[in-house]
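Asks: For the record, the sequence lines run as chains A and B.
Just add 23 to wherever you are in the first sequence, counting from 1, and you've got my numbering.
Just add 996 to wherever you are in the second sequence, counting from 1, and you've got my numbering.
Derived from the structure by calculation, the hints contain no laboratory data.
Each statement offered as a hint is correct.
Computed cross-link-like contacts, DSSO-like style, restricted to lysine-lysine with a CA-CA straight-line distance of at most 30 Å:
id : chain 1 : residue 1 : chain 2 : residue 2
1  : A       : K226      : A       : K216
2  : B       : K1197     : A       : K226
3  : A       : K226      : B       : K1189
4  : A       : K206      : A       : K31
5  : A       : K216      : B       : K1005
To spell it out: a stretch of chain A is covered by chain B in this simulated footprint if at least three of its residues, at any positions, have a beta carbon under 8 Å from a beta carbon of chain B; those stretches are:
id : segment
6  : 67 to 77
7  : 84 to 93
8  : 110 to 123
9  : 217 to 224
10 : 233 to 245
From the structure, some residues in chain B lie toward chain A, with a derived Cβ separation under 7 Å:
id : residue
11 : E1038
12 : C1058
13 : M1060
14 : Q1062
15 : G1074
16 : R1077
17 : N1082
18 : E1100
From the three backbone atoms N, C-alpha and C, an ideal C-beta is built for every residue, glycine too.
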Amino acid sequence: MTNRVLMKGNEVIAEAAIRAGCRHYFGYPITPQTEIMHYMAKRMVEVGGCFVQAESEVAAINMVYGAAAAGARVLTSSSSPGISLKQEGMSYIAGAELPAVVVNIVRAGPGLGGILPAQGDYFQATKGGGHGDYRNIVIAPASIQELYEMTVAAFNLADQYRMLVMILGDGALGQMMEPVLFKEVEPNVSTEKLWAATGRHGKPEHNIITSIYIDPDMLEMKNRELVAKYAVVQKEETRFETLNLDGAEIVFTAFGTASRICRNVIRQAAEMGIKVGMIRPITLWPFPSEEIARIANLSHVKAFLDIELNAGQMVEDVRLAVNGKKPVHFYGRMGGNLPTQKEILDQLLAIQKGEVR
Amino acid sequence: MAIVFERTKGLTDKPFHFCPGCTHGIIHRIIAEVMCEMGILEDTIGVSSVGCTYNNYEYFACDMVQAAHGRAPAVATGIKRVHPENMVFTYQGDGDLASIGAAEILHAAARGEKISVFFVNNAVYGMTSGQMAPTTLLGQVTTTSPFGRDSAVQGFPINVSELLSVLPGAVYIERVSLNNYKNIQTAKRAIAKSFRVQQQKLGFSLIEFLSTCPTNWGKEPVESLRWVESDMMPQYPLGVFKGKDLKV
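Let's have the full structure, built from the sequences with the hints guiding it.
Replies: Below, the structure written as structure tokens:
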């Protein structure tokens, strides 16, 4: 007997957070992440946690900052325009080295854009978004089961590195249903937070949570500490999946929902005698550059085809990793549209015939 | 020899950086004294904001969290929801609270968030060198209202205490001043009452302090204290705007 249940992606994220020990949620309504809020509004009462509907995304992320500073496991969720508003707070969270989990169920942009699935927030998620030199860990699950496992992992990573971890989904992953197995949650990393502002209670020194360093040398020292921490994260926490690379002539690079379509195309292409493989980054930052470079050096690999639900964002990191060794092609759809298998297959055929340069 | 006066244990040994004649220092001292006198220093978590007191986490001896500009009430909400038994206060200026943080303070009050807000009104942006604040008086000359604040162009001052006092979630709101000994004692009692409101979990409270900024007002310290009374108080009358009959 298994405990598989059929659930929506958004609800699975919320349940995963609860199972990871998160008891504080702060959010502001926006489509298409709505079910996370609705689920939390009920579930937090059941588990004796705290749910606050904030007056804005700006307030919500600052409530997250406060709760994280006070030592709690804390979650907020939103979608693209709301995540833009949270960027100020996310920069402060990075500066003050606070652990927090932020979910972005991406919708099409720019501006108010649309409410259908897209991946146009790749740049914002992986290249900063807010001000200053900092990084967030960005995880892009591709199935409901992975949403569960990666959301649990996100809380552990956040605590382990005192970093903000973003779950980057999209409207399709958030809204669709798949069976999910709520595996036992792995033992948490130590959640003892001696640095947190919990009240002094006899401590010899008071704890201070801050991101301001007026002295340039002090600030640079802080910057260097962050850089060193990020280097450890790059070494230890880069996650990816590879598929069908043996003898592959063309290799897909794709994440999240786009990678699901590519997976089907790989089977279709094999039936037609075209050898296609894939590398799917699970962490978008840290990015699996080394693995992509290794694949680029394989003699049977002739070209890469990057598929995204945007105008071409991750493809820039793919090209940096490939470093000119093989051609990197791109195909994307925007506006909330998904590429069909046929569209992608046509791209493969064109590359194979040398029609695409 | 008997000690007749000493630095309160609620403050660290770090020297204040405030300008001569600025009353921020007095506010810090009386908040710290109240924390010690009430025995809550070990239980209190303070929130610093952005402005002249951005670094008062170095002065208050309790645990402290520094917040982004205007966001202190949201940060305090997060802290208080994690530690409902602790005392949580924010220390905010008028630009921080009444301008960029207007939404956060309004909604923290509306939710009845069980925090103490110490709001310092000196009618000007101090840290960034004397720009017009939401609290700047009509006719007052600042670096961004060089011909005096004109209501036709720059609108009217915001009376924060009166504004928030209509919200049911705000249970205690008082405006105080530091321009003489008697008013400082009243201010100190107001701080203590605000913490008692928190201890009894009654709701949101805010103390508005009329404070001086001799540097940006271009006035001598004593002249500044007189100006608080002669010019600020007619616009910002002292008194209890909410919770007059509150028994705490």
